[in-house]
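Novice: Below, each chain spelled out in residue letters.
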Amino acid sequence: MTALNTPIAPARVLRTIRPIPGLDVVGHVAVLLVILFACLAAFGPLIAPHDPNAVNLSLSYGGSDTEHPIGYDQQGRDIFSRLLHGARSSFLGPLIIVAAASTAGMTLAIVGAWRKGWIDATLAGILDSSLAFPGLLLAVMVVAIVGPGIQSTVIALSIAYTPYMARIVRSAAITEISKDYVAAARVQGFSALTICVRHVIPNIMPIVLGQAVLTVAWATVDIAGLSYLGLGIQPPAADWGIMLANGQTGVLQGYPMEAVSAGLCLIIAICSFSLLGERISRRGEAIAA
Amino acid sequence: MSLLSIKDLKVSLPVDKERRVVLRGIDLELEAGESVAIVGESGSGKSMTARAIARLLPRRAVVSGSILFDGRQVLDLKDAALRRFQAAEMAMIFQDPRVHLNPVRTIGDFLVEGLVNTRGSSKKAAEHKVIELLDEVGIPDGTRRLRQYPHELSGGLLQRVMIAAALASEPRLLLADEPSTALDVSTQSDVMAIIDDLCKSRGMALMFITHDLELAAAICDRTAVMYAGQIVEVQGSTDLVEHPRHPYSAGLLGAKPNVSRRVQRLNAIPGRPRAAFEVQNGCAFSDRCRFASEECIASEPTLKHEPGGAVRCFRADDLILNATEGAVL
Amino acid sequence: MTSSASIVEVSGLQKRFGNHVAVDDVTFTVPEGGSVGIVGESGSGKTTIARMLVGLEVPTAGTIRVGGRDRMPHASVAERRRRARELQIVFQDPYSTLDPRQTVDSCLDEVLRLHRPELNRKGRLSRMNDLADMVGFDSRQRRALPRRLSGGQRQRVAIARALAVEPSAIILDESVSALDLSIQAQILNLLAEIRSETSIAYILISHDLAVIRQLTDTCVVMQHGRVLEVGETGAVLDNPQSEYTKLLRSCVPGPGWHPTRLRNIFPGGS
Amino acid sequence: MGRFLARRIIICVLTVAGASFVIFASLYLAPGDPISFLTAGRPSSPELRAALAAQYHLDDPFLHRYLQWITDAFQGNFGESIARRRPVLDLIFANLPTTILLVIMTLILVVVVGVLFGGIAAFRRGPIDDGIMAAMTVSLATPAFVSSIFLISVFAVGLGWFPVFGPGTDIGDRIHHLVLPAVALTIAWWPVIGETARASMREEHEREHVETARSRGLTPQHIVRRHVFRNAAIPISTVIGLSFAGLVAGTAIVESAFQLNGLGSLLITSVTGRDFPVAQAVALLLVTVFAVTNVVVDLLYAALDPRVQTSWSRK
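Those protein sequences? They're chains Y, D, U and A, same order as listed.
In terms of the numbering used here, the first sequence has 144 at position 144, counting the first letter as 1, and numbering is strictly consecutive.
In terms of the numbering used here, the second sequence has 102 at position 102, counting the first letter as 1, and numbering is strictly consecutive.
In terms of the numbering used here, the third sequence has 100 at position 100, counting the first letter as 1, and numbering is strictly consecutive.
In terms of the numbering used here, the fourth sequence has 262 at position 262, counting the first letter as 1, and numbering is strictly consecutive.
Here chain Y stands alone, though its shape is the one from the complex (with noise of 0.2 Å):
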C-alpha cells in the first residue's frame, strides 16, 4: 500500500543521507523512527485508507483483509485507520508538554543557577518536593475539577514536567556557570543576559534537547494512560490510549488485535522517543565534561 511506502524515500534519496558521526547503529534506528513517527503525526490522518469512526457492527471483530490490514475492532471500524489517526492524538498533547516544560524549567532553572542565593535555594527546595508528586496525580486532580479532556490534561502535565525539567538543566547550568569562562565573561563585563544567551545555553542544549525528547516519551505514556482511564482524550477519537482500552474488551472475547496493535505503536514510539533522548543527553554530558 501506498500509505507504507510513503515515509520511506526511493533510494535516491536515501544515497544522499549520511550517517550521523558519534552516533551508533541504535541510534540511527531510533532517528529514522522518531522520523517516522513524526510524519505520522503530521500526514497520519491525511493517508489513512479509511474514515476512522465509520461503524459497521456487522463487521465487529472482523478479521484483516486487503483493505483493512489489521482488521476490525468491536464497532466494526478499521483499526489501521484508527492507529493512523491515533498517532497525532498521541504525540501532539506530550509535544506541547514538552514545549512548554521545556521553557518554564529551563527560565526557572538558569535564574536560579545565575541568581544563586535564597531565589536559587527556594527553587531548589520546590524542585526537590515536587519531584515526589507524579505529574499523573497532578492530572488526575486537575481532571477532577474542571473535568476530563485533552487541554486540562496537557496544562496539568505541563506543571508537572516542569520541575524535572528544571532539575536537570538547574544542575547543568550550575556546573556551566561556574566554569572559568563565565567567570572571565563577567570580569569582561558582558551582562548576565549575554553570557547566558551567548555561552551558557548554548553549551547546555545537548542536555536540555535530551531530556526533551525523554520527556516526550514520558509524556506520551502519562497522555496513554490518562485516556485510557477516560480521564483524557475522549471516545469516539481515535487515540492510542483509548484503542487500549476498548481492545480491553476485545482480550477477554479472544479478539487482541486492537489492543496489541495499539500497544506496539505505544511501546515502539517511546522505545525510539527514549533511545534518541538518552543519546542526546549522553553526549551532551560527555561534551559539558
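Calculated directly from the structure, the hints in this document are not laboratory data.
C-beta atoms are modelled at their ideal positions from N, C-alpha and C, and glycine is treated no differently.
Don't take each hint at face value.
If you only want the chain Y side, here are some residues facing chain U, beta carbon under 8 Å, derived [stated by the list, open to error]:
1. 179
2. 180
3. 181
4. 191
Interface residues of chain D toward chain A, partial, derived using beta-carbon atoms under 10 Å [what the hints assert, rightly or not]:
5. 88
6. 99
7. 146
8. 150
Computed footprint of chain Y on chain U, listed as stretches where at least three residues anywhere in the stretch have a Cβ under 8 Å from a Cβ of chain Y [claimed, not checked]:
9. 77-84
10. 90-99
With chain Y fixed as given, assemble chains D, U and A onto it according to the hints.
Specialist: Same frame as chain Y, now just chains D, U and A:
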C-alpha cells in the same frame, strides 16, 4: 640478581577504535633496597610504567616485554598468585589520597582489610599492628583515627594513612606515584621524608614517580628521565642534576624557575611534550631539540649504556650540557 | 586620589563564608606597572582575594580601590565595563577557561566588540593579529576550537583575552601551576615579555615560591587568611622573617636539599 | 543530625500544608458554586446540601474553612462520599489493603529484579550486558496499562494461570490475584532501578579507591562486596525512594486495568464519577505519603553516606 628487572616493556591502550602506544620499550633494573626515580612530564608514560609493574593497567591494555620480580615473571602472574604478589611483595601509593580511599569506609576498615583479607590476621591483631604503623608515620592517636572517615582528615594525614597501609604488608618494593604532588608545599616535604626514612630503615626498594628532578635527586639513588614512552637517560641522581647527558634532561632543569635567584629568561623547551603515539621516525625529542642533527630526525637512537648510566641520544658525546644555564654546545 | 602611583590599593579586606573567615584584614598595594605576588598554601585565602578584586565575590569588610576609585559591590553594567578595563584575570584551569564552542578568534572578537566599539571589522582584525602575535598563535590555531588546543595554548588564549581589554593590571590566579614544566617556562617567559612591552601590572597568586621569585617585585605571604609578611620578593625569600615563610622556604627542593619530618606543624603530631 | 532531621520535617510539614491548601482550594477554582459542583447535577436533597455546607464549613470565612477542613481531615473525618453515601474514611479503609499489598509486592519485585539484573549487566560486559540493556529499554517503554492487557491476554485468558479481575478473598488468594498487577507495575519500574544499579556499580568499580584495593591484592569478591556494592547502595536506595511515588501513582492504572478495589482505582472512579470529597481525601493521603517518603529517603541517604552526616551536623 636485581629485585626488579624490566626488559623492553611495551604497552598500548585502546582509545576509541584504535590502539595507542603509551610505552615504547622500557629497560630498567632496580636492586633490593635501592631507590630509583622516574621523572617526566604528563604523557611521558611514567605512571603507566608503575601501573604495569603493579598489574593495574586498564582491562584491554596490550603488554609485551618482561618484568621480572625476584626472578619471577610478573606479567604471567594470574589470579591468586597475582594477588599474593600484590599483597605481599609490593605496595603502591597514589597521587591523590582523597580519591584513592573509599569515602564511606573508615580509616580502620581500610588499614585492617588488607591484613585480614590477604594475611588471615584476626581483626584485633591487625588493629594492633596498624596503630603501631600509624605511630611510625607520625599519627600518634591511631585508636581515634581508626574510627574516622577519610573526609575528616587532611590530605597530608590521608597520605600518611596510605603509607601506613603500604607498610602493613611489609613489601620489598614501594611504588610511589607522585605521592606529594597534590599536597601543600610544607606537607609535601614531610610526606617525602617519611617515605624516605621508612624505605631506608626497612630496606624497601622505592620507585618514585615525579615530575621534579630536584625532588627526585633528594630522595633517590638513581633517576630515570622519561619522554614519549621511553627512558631517555638514567644516571645517579646527583650526577644527573649536575651533569645531564640528554638535552631533554638539561631542558627540564633549565625550564624550572629557581627559588633563590631570578633569571632574565628561563630556558624554555619550545613546543609541547609529545605523547608516545605521536612519535614518527627519528628521535622523539628531535622536533624540540636545539641540537638535533639530520641523523636525529632520520633514525631513532638506542639507549646506550655507559659507566654510571645510560643515555638515548646520538649527540650525547658531542654535547656538554649544563644544568643551571641550560644546554650549551 | 590618595596615591597616584598605585593602581590597586586594598585595605582591611575581610571575607567570611558563614562562620569561616577566609580573608582577614588584608592590606597591600600594587604600584602602577608593578608586580606583586601573593603566596600561600591551600586555604590561605589568596584566591578569594583575587575573586574579590575582580568583583566575583563581595567583601565582608574593607575597601578595594582600583585606579583611585573605590569598588563598591553591585555596580551597573557600564561601571562593570569600565572596571574591566582596569583589572583582568587569568585563571588556573586551562580546561574550563575557554568556552568549548568558541574559536580563539571569535573569543577575542567578542571582547573587542564590547570594549572597542569604535573599531570596525578591519580594525578588530588587526588588533587580533597583534594579540595573536604577542601570545604566539598562528592563523590555523586561531580558527581552532579549545579542544584542539593544549593546556599551554589555552592559557595563552586566556592571556590574550585579558590583554584584549587593555587593562592596567592582570591577576594571574595560579595561571601556570597546572602546566607541565617545559610549558610553564614558556608562559613565564611570555608574561615577562608582555610586562616589559606594555608596562602592565601583575598580581600573581601562587603557591610556588620559585614562580613568585621569577615574576614579582614584591610579595605578600599569607596563611589562614592573614598576611604574615610583606616585602621585596628577593628579601622575603632570601631572608624570611616569619616562621611560616621560613618553613615554606625550607620545603623547596634544590641542590643539597633533603626533606625533613615536620611533626610540630601537625596538631596530632607528638 | 538532629537539626538536619528537624529541617527535613519542617519542609515535609510545609509541603503537606501547601499541597493540602491547593487540594482544598481547588474546590473553589471549579466553575459554578461549590454545592452544585459537589453535587454535580445529581438530584440533591436539602439534607445533602446542608450536610455538604457543614462538611466544607461553607458559611465561614475562607481561611477558617481550610483550617476546619484540615483539622477534620487529620482527625479522620473526610466527610461523606456523595456518590456512595458512606463516610470517606470507610471507603479508604476498605480500599487500603489491596494497594498496600500491591505496593509491597511490587517494591520487592522491582528491587530484586532491578538490582540483580543491573548488577549482572554491570559486571558482564558484552552480549549479556547488551541483552539486559535492550530488555530494560523495551521494558521501560512498556506502560503499565499496556503490559496489564498483554498479561491478561496471555496468562489469564490464554493460559488461565491467574484470575482476570478482582481482589480475592483470604491473604493467599489476594496475593494470587495481585501477581499479574504487580508484574505489570514491575515491568514499568524495574529498569529504573536496574539502570541506576548498573551505572553506579560500574562507576564505583572504575573509581580510584577500587584501584587501591586491587593494588593491595584483595580478592575480587571482597572488592565487589565491600567497596562496589556498599558505595553503589547510596544512589540505588535514593532512586528506590524517588521511584516510590511514581510507583504508587502507577497503582491507579493497574488497579483500574485489573478492576481491583484499591486506593488508586478509588481515586479514578471518584474523579470519573464526580465524587469530589473522596478524590480530595485520597489525594491528600497520597501527598502525605509522598512527603514522608521524601524525608525517609533523605534520612536513608544520611545513614548510608558518612560525608553527608558531618556536613549536616556542621551546618
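Novice: So, against the hints stated earlier in the document, which numbers end up violated here?
Specialist: Per hint list: single violation, 7.
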